[in-house]
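With chain A held as given, fit chain B onto it using these hints.
Here's the letter readout for the chains.
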Amino acid sequence: MNNKSRARLIHLLISTSMAEALLITAVAVGFYFATTNPSLRGVLDQADNTSITGWAVDEANPSGHVEVQLFIDDRFAGDEVADQYRPDVHEAKRSPDDWHGFAFPTPQLTTGDHQARVYAVHTNGAGTRRTLQLIGKPYHFRIGQ
Amino acid sequence: MTTDSQSQGSTNSAPGVPSDRALAAWEIASLVSSALIAEWILSAAAGRTKLIVAIPLAFAFVLVITSHFLRREGLHDLGFRFDNFLRAAKLLVLPMIVVAVLCVALGLVFGTRPDLLRWHPERPLAGQLALGFAWGFVQQYVLQSFINRRAQIVWQKGLRSVVLTAFVFSFLHFPNPWLMLVTFIGGLVWAFVYQRAPNLFALAISHSLMTWVVVSTLPMSALNHLRIGFKYFS
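For the record, the sequence lines run as chains A and B. Residues in the first sequence are numbered from 24 upward in steps of one, following the working numbering. Residues in the second sequence are numbered from 876 upward in steps of one, following the working numbering.
The shape of chain A in the complex, shown without the other chains (with noise of 0.2 angstroms):
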């Protein structure tokens, strides 16, 4: 091969693998929005022996409620949508109305220390993907003796 036909290899390979970091880098980004929602917001407020309480809002569609779901201890534990009266929210300017809050019976739990994770659910435009996305931080509570 000559040093011209050469060059132009190394051209198309350079070409090619600038391309396909090109699509990669595409396909990630779609990826990203097409599995979360970047205007949600929310807040996994306390956590007890009676009870799990928190509040979200998908700035996307404020009037609309968010489907969440409660996990502890990594396990699912409930599912509800995000539609309990949380004046605060409102009064904060979180939400265009009172009713964005949820709240989850606390499950019978052994004695001890526990994590509780609120997850909002999340489909994408064509439905063909439901991911969940972490409301706030996880909190950890005790149930005592």
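Treat the hints as calculated values from the structure; they're not laboratory data. All figures in this text were calculated on a predicted structure; none of them were measured in a lab.
Using 25 angstroms as the maximum straight-line C-alpha spacing, the simulated DMTMM-like pairs for lysine to aspartate or glutamate come out as follows:
#  : chain 1 : residue 1 : chain 2 : residue 2
1  : A       : K116      : A       : D106
2  : A       : K160      : A       : D81
3  : B       : K925      : A       : E43
4  : A       : K116      : A       : D68
5  : A       : K160      : A       : D102
6  : A       : K160      : A       : D136
7  : B       : K1106     : B       : E997
8  : A       : K27       : B       : D952
9  : B       : K965      : B       : D952
10 : B       : K1106     : A       : E43
11 : A       : K27       : B       : E948
12 : B       : K1032     : B       : D952
Computed list of chain B residues with no C-beta within reach of chain A, every gap over 12 angstroms:
#  : residue
13 : F955
14 : I972
15 : V979
16 : L981
17 : F985
18 : G986
19 : P996
20 : Q1003
21 : Q1014
22 : W1030
23 : L1034
24 : M1055
25 : H1100
Far from chain A by the CB rule (all over 10 angstroms, computed), these chain B residues:
#  : residue
26 : D958
27 : A975
28 : L983
29 : V1017
30 : F1046
31 : N1099
Don't be surprised by glycine CBs; every beta carbon is placed ideally from N, CA and C.
Chain B alone, transformed into the frame defined by chain A:
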């Protein structure tokens, strides 16, 4: 027209320009990366439309065809020929029989009786074999006419380039363990035969028949419907 790919390896490159060996290795790496992107990243990200998977494969084919052109490889060199068909077929017969017997024995050990109609039973067997031939032809073209010939530029004709070709073929079937095993064995046989009698038609027939044998003899649960890449887990 170049008739011996090994002679290309002796071409000197200008200072600062990769040698032919380095360039050939780069070409193999580029093709493997395109295939892995399709199998692992785009298959996972693709929703209802799978067309996106075709993009890196199109890049790969552009590379393969352009590389043939730049290296002045003709159709005859690549294996699109019939003059050596019988020689290639003769070289293939014995290893194919051995592998078929091994597959039957292995299947029986795992409690699977041979069933020659198991490969897509909803289709006529002749049609399925024809499809297998077409798909085998594409795979053998890329594997032998591109990877094997580049491997020969890197490591000359012989054991090392045969093993490299078989390894690449097997690696592209990751993480399916049974398929990786049979593609490595098949890759060794086909790469060895191609180096002695480069004939894509004989290899494609062998590919189709051996796929039929593998699907008909080995446990389908172990083969996981021949799934590879991200799809293996679906």
